[in-house]
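Protein chains in written order, with our numbering: chain A, 1 to 389; chain B, 390 to 824; chain C, 825 to 1117.
These are computed hints drawn from the structure, not numbers from a lab.
This one's a predicted model, so the numbers in the text were calculated from it and none came from an experiment.
Incorrect hints may appear among the rest.
As the list claims (entries may be wrong) - Examples of chain B residues lying across from chain C (beta carbon under 10 Å, computed):
id: 1; residue: Arg647
id: 2; residue: Lys654
id: 3; residue: Leu655
id: 4; residue: Thr708
id: 5; residue: Pro766
Each residue gets a CB set at the ideal place from its N, CA and C atoms; glycine is no exception.
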Amino acid sequence: MNRILAGTPTIVRRAGWAAVLVLAGVATTFVLPAGRIFPFSQFVVYLGAAAGLTVLMGLSGQLSLGHAAFMAVGGYTMAFTQNALYERGFTVAPPAGGSGRFASAAPPVAALWTLPVSLLAGVVAAVLAGALVGLAAARLRGPYLAGVTLTIGIAVPSVTATFAVLGGEQGFAVQVPRRPSWLAADIATEAQWRAWLALVATAIMLAVLANLSRGPLGRDLRAVRDDEVAAALAGIPVARTRVLAFVVSAASAGLAGGLYVYLTGTVLPGYFSFTTSLFLLLAAVLGGLGSLAGAAWGALFVVAVPIATAELVGALHAGPALAQRLAGNLPLALLGLALIVVTLTARRRPRSPGWRAVRSLGRRGQDGRTPSGSLHPSAEDDRKVGAAP
Amino acid sequence: MTWLPVHPVRATARAVAVAGCVALVAVLGACSGSKTPAVPYVAPQGVSEKEIVFGTHQPLTGPAAAGYSKIAAATKAYFDYVNAKGGVHGRKIIYRIEDDGYNPANTQTVVRKLVEQDKVFAILNGLGTPTHSAVLSYLKDAEIPDLFVSSGSPAWNQPGKYPGTFAFQPDYTTEAKVVGHYLKTASAFAGQKICSFAQDDDYGASYLTGLETGLGTPVTARATYVTSNPNVAPQVDKLRDAGCDVVVLATIPSFTARFISTAAKLGWRPQYVAAYPAGEYGTVAATLGDEKDLLEGMVGAGFLPAVANVSDPWIKLFTRINQDFNGGVAFDGHVLYGMAVGYLVVQVLQKAGREITVDKLIATLEKGGFRGPGLVPFSYSATSHAGYAGVRLSKVTGGVQDYFGPAYVTDAGSAPVTEYTEATATPPDSGIPSA
Amino acid sequence: MQRFGYLTVDGLASGAVYATFALSLVLIWRAGRIVNFAQGAIAVASAYLAWSVTAHTHSYWLGFVAALAGGALLGVVVERGVMRFVPADRPMDAVIVAVGVMLVVQGVLGMLYGADHRPVPAPLPTGVWRVGGVATVSPYQLFVVGAVAVLVAALALLFTRTRLGLRLRAAAFAPEVARLLGVRVARMTTVAWALASAAGALAAMLVLPSGLGLTPTAMDGVFITAFTAAVIGGLDSAVGAVVGGLAVGVVVNYVTGYAGNPNLANLAVLALLVIVLLVRPGGLFSGVAVRRA
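In isolation and in its complexed conformation, chain A is listed as follows (with noise of 0.2 Å):
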C-alpha cells in the first residue's frame, strides 16, 4: 500500500484523500438519526473554520481571539450574493412536494449553481478582509495581537447589529437552492443534502489548507514564527508571509461562513458572535495548534458537548423551578470544567516549534526559567533555592 501511495503525486494523493473523507461523511448522514444531521453539519462547518485558525496559530504563530468576524465577513457576503442572484431571476422550480395546506405556498428557488458562486464571493470577501487585518496586526505581538483580533470579533457582529441594510439584529432570511428534484425525497433528505454540499466545500478547503501548509508557503510560516531575523536574513519577506498566513485562515472562515448561512438558510448577527470565536478558539487549541486532524477532534468536541451535557440535564428529571435553573447553566458549567479538565491533563507534547511561538506571549523575566525547569514558579523552586519559609 505504502509503495502505491508513495508513487501517486502529491495532489492525487490529497484529492483521494479528501474523496474519502466526503464519502465517509456521506455514509455518516445515513447512519445518524435525523435530529443528529443539522448537528453534523454544524461540526463540518467548525471543522473548516477551527482548520484555518490553527493553521495561523500554529503555524505562523499569530494569534485570532476574534476569528469569527471573518466568518461574518463571510457569511454576510454570502448571503447578500445570494439574494441579489435570486432577484435577478436564476431561480428554478421549487422541488414537488408540499402537502395539503402546505402545498400552496411554493415559489421558485434559486438554481444550484448560484451557490459555488455566492460561497466564492463569501471567500473573496473574507480574503480581503483577512488582508486588510493582517497588515494592521503585522506590527503587533502577543497580547496586543490579541487585544485587536478580541475588539474585532466583537466590533463586528456589533457592525451587523446595528446597521438597518445589515438586517440588524434579526438578520434576514437568504434564498438559498434547494435539494434537486432527481434527489428523491425517499432517498435524502434536505438536511442530508445540505450536509453533503457542506462536506465537499470543506474538504475542499482543508485540501487546498494542507498544500499550503506542507508547501514553500508552510515552511515560510515556520520560519517566520520561529525566529524573524534569521528569517528576513535568509530572504523571506516576514511581513507578506505573515499577511499571507491570515488570508489563508480568513478564507477558510469565510467559506465556512457562506457554508452556515447555506445550512440554515437565514443569516444572523448570532450566528458569528464573539462566543463562536472562543469555540472555534477551543477547536483549535485542543485538537493541537498546527494540526488539521486535531482540528476536527475540536471542532466534534465543541459541537458535541453542548448535546450531550443537555441531554444529561432532560434525564435528571428536575422539577420545575429547578429545571429551570439547570437548564442553560449546567451545560455552562460542565463544558467550563470539561475545559479545565481536558487541557491540564493533556498529555505534554514535546516542545514542538508551535508552542515556542505561542510562548511568545509570556516572555518571563530574564531568562525566564525556573530552578525545575518550567517557567511558572512554584513553592518547590522557592524551597530548592531556600528561600526563607
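For this one, chain A is given, so just place chains B and C on it according to the hints.
Just chains B and C now, kept in the frame of chain A:
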C-alpha cells in the same frame, strides 16, 4: 388484451355473467351505505394513541429571561391540569420546553432538535421576534404547525407564505395604533410632545409605525437601544432635551426599568406609556426594587384580565391551577399569558377532534370563534392568522395595574380603531373547554 | 455644552470603573504573564456574595466588605487550585483554563441564584446635583471616582513604599534573582491574584448599580472594555491602565451620546485600540521597545 375468438354462445353467457357480477357489486356497494370507503387515519408526527407532543423555544437564560421564563412553565401547568382530568380526546399533552437564551443561533438548533429528534406535532408559543424569525421558513418546509408565536411581530400573519404559522397576541402595529389613537383623543394629552424609546429591531420599528399611524403625526423625538448595551443615559438625555412630555416605551421589561430609573436619576419624570411586552407591572417593579413608585401613573396595554382583579373568574381559575400545578410561583401577567395560551390550545384540540392532522388543525383554527379569557376577539380566518384584534388600556394606581375605559379593536392595516364592548366569556366549571 | 459636560462626567465615572478592572488585569499580567479571562466571573461572584450578605444583614457596607474579601479569597482559590497547574510555557493553555473557570463560575452562579436580574442598590443617592439647572454630578458618581482614587493610591503606596510591594515587583520582574534573595515568588503570585481579584470585586460593586442588575454575565462587557483599556495603556503599565480606562469610558460615552446609537460604542473602542496600537505597538505607556516587523 386481445379477445380470442370464442364460441358465440359461450361469449354471450360470459357477458351475462360479467354484467351480473358488476350489478351485484354495485348493489352491494350501494347497500353499504352512503359512506365512501373511509381513508384510514394516519396520525401525523407527534400524535400517538395516548399522547400529543408540542415543543417550544424560550429564553430560560439570558437578558430576556426576566419574566418571560415563566410563560412556558405556566402553559405546561395548565396542560398538566388537563392531563390530570384525562387529557384531550384521551391523549395527554406533552410539552417540551427548550432554552435558546434569546439567541437566534440557538433557536435554529433547538427547533430542529424538537422537530427532527423529539418529533413534536407542532411548535407552540415560540418566544421572540429575532429568534422565531430564524425558523419560520424551516418550519414551513418541514410542514410543522407553528402555533401562537409569543411575539407581536406582524410577520406571523402571512397565511399565503407561511400557512402553518399563527399569531396569538395583538401585533405591535395593531396595539400601537390603539395607543396612538388614545394619546391623540384623550384630553389629558392634548398638545403634548409624544416621544418613543424603542428596541432597535422589528419590534420597536413596527410599534413606532403603528404609533404614528394612530397618532396621525410622527413623534417629536425617538431613541433606540440594543439589549447588549445597558447604558441608556445618552438616550434618556436626548429625549429630555427634546422636551418630551410623554415617552412611549417599546422595550423589554429590564429596559423599561432602565429607562425609568435613569430618567429619575436625571431628575426627569415624563408620562410613561408602556407597550404590552414592556409593562408587566410585577416584573418591572421587581427590577426597580425600591424605586417601583416611579411606575405610578404608567399607562399600559393588555388583552387578558387584570392580574390584580382577584374576583375575576379566569384569574380565580388560573390562580388555583398555578397553586396546584405550577409550584405556586408568584402569579403575574406572564403566568396568566402562559395559561391563556394553554387554554386556547386545548380549545383547538377539542374542536379538531380525535383524528387530528396538520391540515385539520389549520382548518379548525381558521374557522375561528374561540372565546376564552381574552378581552377582545381573535382575528383567525382563512385570510388572517393574526391573533387578538386589539387591546384595553391600563394604568398603575397605588401600585396596582388595572384597566380603564373600553377595549379597542383594529388591525395592522388601515382599519380604524373602534371600541369593542362585548362582555368576556366565563370559564367552564371544569376549567377545561369542551369540544 | 451642557450635554458635553454631562457626558464627560458620566464617562469619567464609568471610566473609573474600567480603570479599576484594567488595573486588576495588569496586576495579574505582571505577576504571571497571564490574561485572566476569568476576572469578570470572579468579580460578579463577589457581587453575588455581597448581595447575599446584604440580604441577610440589611447592611450595604457589610456586603461591600464581604465582596472585597470574598473576591480576594476566590482569586486565591482559582490561582492555587487551578491556574497553578498550567505549565507556564503554555500561555495558550492559561487562556483556555481561565475561560473554563469563567464558564464554571457563571454556570454555578446561575444554578444557585437563577437567571433573574437582581437590582443592586447604590449606597449613595444617584440623582444628579443640578447647579443652576445644569446637570453636574451625582453623589454616587463622586463615590465611584473617590473609591477608585483611594484604590489607586493604596496600590501605588503598597508597591512603592512597602517591603511587600518591593517583593511583589521583584517577583514579577526578575523571579530568579528575587528567589535567590529570599523572596517566595510563588506566594507573591498568589498575593497579586488576591489583590487583583479584590480590585475586580470593587469594580463590580461600583458598576452594577448603574447596570441592568446582577446576573452571572453582568461583568462580561466590563471585562472586554477593560481589557481593551489595559492594552491601550500597555499591559505592563499600571498608570497606562488607569489612563486607558478613563479614556475609553469618556470616548464611549461621547460616541453613544452624540451618535445616538449605542452599538457604535464597540466600533469606537476598536477604532481607538487600532489607532493607538498603530502608533505605539506596545501601548501608550510601554517602556520596553517593541519589535517591529
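Against the structure, the hints come out as follows:
1. Arg647: holds, 6 Å
2. Lys654: Result: holds, 5 Å to nearest chain C Cβ.
3. Leu655: holds, 6 Å
4. Thr708: violated, 21 Å
5. Pro766: With a closest approach of 34 Å, the Pro766(B) hint is violated.
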